[in-house]
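Peer 1: Each chain is listed here by its residues.
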Amino acid sequence: MTTTLAKTEVDRYMTAVREALSGVADREDLLEDLEQHLLEVAAESEGPLHERLGPPADYAAELVASAGLGASTGPRVPVVDAVTRRLRAHADTVGSHPLWVQGSRIAREVAPGWWLARAYVIVLAWSLGNESWTLYAFPVPRVLGRRSIGLVVTVGVAALSWRLGRRAAASRRTALLSLAVTLLALLGALQIGDLVRMRVAAGAVMDEGSVEAEESAWDASTLMTGGGRPITNIYPYDAHGQPLDGVLLYDQDGRPIEIVMEYSEEGAPVVTSYQLDIRGRPVTNAFPQRQALRAGSEGEWFTGEDAFDVGEAPVIDSPVLDGATASEGAQPQSTESSEAPTTPSGETRRPSERR
Amino acid sequence: MDTTQLLKGVLDAAVLAVLRSDDGYGYDVVRRLREAGLEEVGDASVYGTLRRLFQAGHLTSYVVPSDEGPNRKYYALNASGRDLLERSTKSWASFSDVLGTLLDTEDVA
Chain P
14 MTTTLAKTEV
24 DRYMTAVREA
34 LSGVADREDL
44 LEDLEQHLLE
54 VAAESEGPLH
64 ERLGPPADYA
74 AELVASAGLG
84 ASTGPRVPVV
94 DAVTRRLRAH
104 ADTVGSHPLW
114 VQGSRIAREV
124 APGWWLARAY
134 VIVLAWSLGN
144 ESWTLYAFPV
154 PRVLGRRSIG
164 LVVTVGVAAL
174 SWRLGRRAAA
184 SRRTALLSLA
194 VTLLALLGAL
204 QIGDLVRMRV
214 AAGAVMDEGS
224 VEAEESAWDA
234 STLMTGGGRP
244 ITNIYPYDAH
254 GQPLDGVLLY
264 DQDGRPIEIV
274 MEYSEEGAPV
284 VTSYQLDIRG
294 RPVTNAFPQR
304 QALRAGSEGE
314 WFTGEDAFDV
324 GEAPVIDSPV
334 LDGATASEGA
344 QPQSTESSEA
354 PTTPSGETRR
364 PSERR
Chain R
1214 MDTTQLLKGV
1224 LDAAVLAVLR
1234 SDDGYGYDVV
1244 RRLREAGLEE
1254 VGDASVYGTL
1264 RRLFQAGHLT
1274 SYVVPSDEGP
1284 NRKYYALNAS
1294 GRDLLERSTK
1304 SWASFSDVLG
1314 TLLDTEDVA
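Those sequence lines, one after another, are chains P and R.
One rule links them: number in my numbering = place in the first sequence (from 1) + 13.
One rule links them: number in my numbering = place in the second sequence (from 1) + 1213.
It is worth saying that the hints were derived from the structure and are not from the lab.
Please read all numbers here as calculations on a predicted model, not as lab measurements.
Every residue gets a Cβ at the ideal spot worked out from N, C-alpha and C, and that includes glycine.
Check the hints yourself; a few may be wrong.
Stated by the list, open to error - If you only want the chain P side, here are some residues facing chain R, beta carbon under 7 Å, derived:
id, residue
1, D46
2, E53
3, Y72
4, A80
5, G81
Isolated chain P, as found in the complex (with noise of 0.2 Å):
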């Protein structure tokens, strides 16, 4: 062997084992002499290391064998032996089971599909609790707010997933980790199957009357501002800058303008409980809704007309629009209206407090 050849070789056969024993005390006590001795190992025959030597594993535990590490390094307990001697036993009984030995290997065939898909999942599971707790991260995450940015930023973790998975036999370094980014994966779904249910509970609300809304469909445009910021609410005023109450909402096809965004942006639940109208059903589109903004438990059900509000109104420096006639006699961006609208009950009603 030409010498660059043999040191490649030497060089990658002694990573092999120093891999081979990571963990194992005294390390490099251990492999001390060993890049000497494969240099003459090398220097001796024409034919591989692992031919001569065997595979860097099996010298690695033959190493550890004869040095008398194997065993554990504390003191012996009987007890403890005789509990780990009973596992290993067990360990065995299961491991030759025929169907543990069927789901090893259709483990490991689908394996390489889950080093894509937990890296899916892990992005999105961060999107959705950094970036927007909505639906709209699918299905491709947001991150620093943009989808274009979540791909790469997907692809780049897949791609780092792959690779984790494809050495994780390697070492028991590379096992572990991989098994953590499992983990961590599994975690993620866990908090997206929680967002899927606290959006399907979110849909149906209970109010005085204990009628529930029309849920609101999936695929509903709905109202965001610039940046993607959820619009939970809105608050009419009028041309003297007045706040109005019970304004119903229609598009130009005639069409109930309704508000579909049910978490507000810190990603709390909304619960809207909407006004109905005198054959008691509920008005969607009628503005500003009662809502109660409670960080959510799921599945909590809130009773009582004083659990929803209005909310507090917005600061808002609005216009008085020209052709306004001064007969109105009201204040502009006063927050108490001299006049009551009427709501579709047919009560007039003052606007709740403001907090």
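For this one, chain P is given, so just place chain R on it according to the hints.
Peer 2: What follows is chain R alone, placed relative to chain P:
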């Protein structure tokens, strides 16, 4: 008989014996064992054994600088090692006696 199994039991003694005639380093000890006829001995086993004997206090070691690469670590018997070797020699002698007799008796000529 499977010599690998036999060897495991007596490798300590074999290594000590090799070092008695002359100090040696890992590769060297492996070579000498093989030349003596123990072709099955594994390199890793020899290294591990040297280390274990050293840790147990039966060997001393010293480093010889080398021009061509990493320095070589030589091992040598100390008093304890020589003592162990003597005891091992005796017990091996009596053991092989006993086993020899046993095998002879069973042997159908």
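Peer 1: Against this structure, judge whether each hint is valid.
Peer 2: Here is what the structure says about each hint:
no.: 1; hint: D46; verdict: holds, 5 Å
no.: 2; hint: E53; verdict: holds, 5 Å
no.: 3; hint: Y72; verdict: holds, 5 Å
no.: 4; hint: A80; verdict: holds, 4 Å
no.: 5; hint: G81; verdict: holds, 5 Å
Consistency with the previously given hints is maintained throughout, with no hint failing.
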